[in-house]
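All you need for the numbering used here is the position in the sequence shown, starting with 1, plus 69.
Check the hints yourself; a few may be wrong.
Derived DSS-like pairs (lysine-lysine); straight-line CA-CA distance at most 25 Å [said to hold, decoys possible]: (1) K86 to K178; (2) K157 to K201; (3) K157 to K86; (4) K201 to K158; (5) K158 to K86.
These are calculated hints, taken from the structure and not from any lab test.
If you're wondering where the values come from, they're calculated on a predicted model, not measured in any experiment.
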Amino acid sequence: MPEGNAFDEKKGIRLNKGLLCAIPSLIFSLVCLYASMTYPNLKADYMQVSASFFPTVVSVIMAAVSLIMLIEAIVKPDIREPLTDIEKKAYLRGILAIADCIFYVAIFKPVGYIISSILALFAMMVIFGNRKWKAMIITSIAMPIVLYLVFYYALQTNLPAGVLQYVAELF
Numbered sequence: 070m071p072e073g074n075a076f077d078e079k080k081g082i083r084l085n086k087g088l089l090c091a092i093p094s095l096i097f098s099l100v101c102l103y104a105s106m107t108y109p110n111l112k113a114d115y116m117q118v119s120a121s122f123f124p125t126v127v128s129v130i131m132a133a134v135s136l137i138m139l140i141e142a143i144v145k146p147d148i149r150e151p152l153t154d155i156e157k158k159a160y161l162r163g164i165l166a167i168a169d170c171i172f173y174v175a176i177f178k179p180v181g182y183i184i185s186s187i188l189a190l191f192a193m194m195v196i197f198g199n200r201k202w203k204a205m206i207i208t209s210i211a212m213p214i215v216l217y218l219v220f221y222y223a224l225q226t227n228l229p230a231g232v233l234q235y236v237a238e239l240f
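Generate coordinates for the entire structure from the input sequences, incorporating the hints supplied.
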């Protein structure tokens, strides 16, 4: 096979780094643009712009930059060798960490700060390879409780209690 091919029997599939970044960025920016269009348009004499103005502008800029990245990746591809096993594990950890953050945001309000933080912190420690189970359990329970108390007493800010609110009402 010629050396410039994207596939080599020995090495596997070679990756275009620009496409790997540009395509997800373009999809994300278009999703954000669609979401910004769903904001209500409030009309009033004192309002020059609505709530959707800034998110729409940022989404259009993100889409434009992503499109430029996509064109550049097609015109001047930056081909890299296949990932090594260590790189694959690192990428997997990164993806799992992002998924953990999304999960944390999704359950934050219904479950509450303390429980969601305990779960997310414990999962993050597992993702990044901590295997000291006693320390992981103690840290993932103690840190959210300490931070909750700091926010509640020192900063006088209530964080969502979620399920624990109903437990507290029982006592």
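**Q.** Violations among the numbered hints, reported as their numbers in ascending order
**A.** As far as the earlier hints go, only 1 is violated by this structure.
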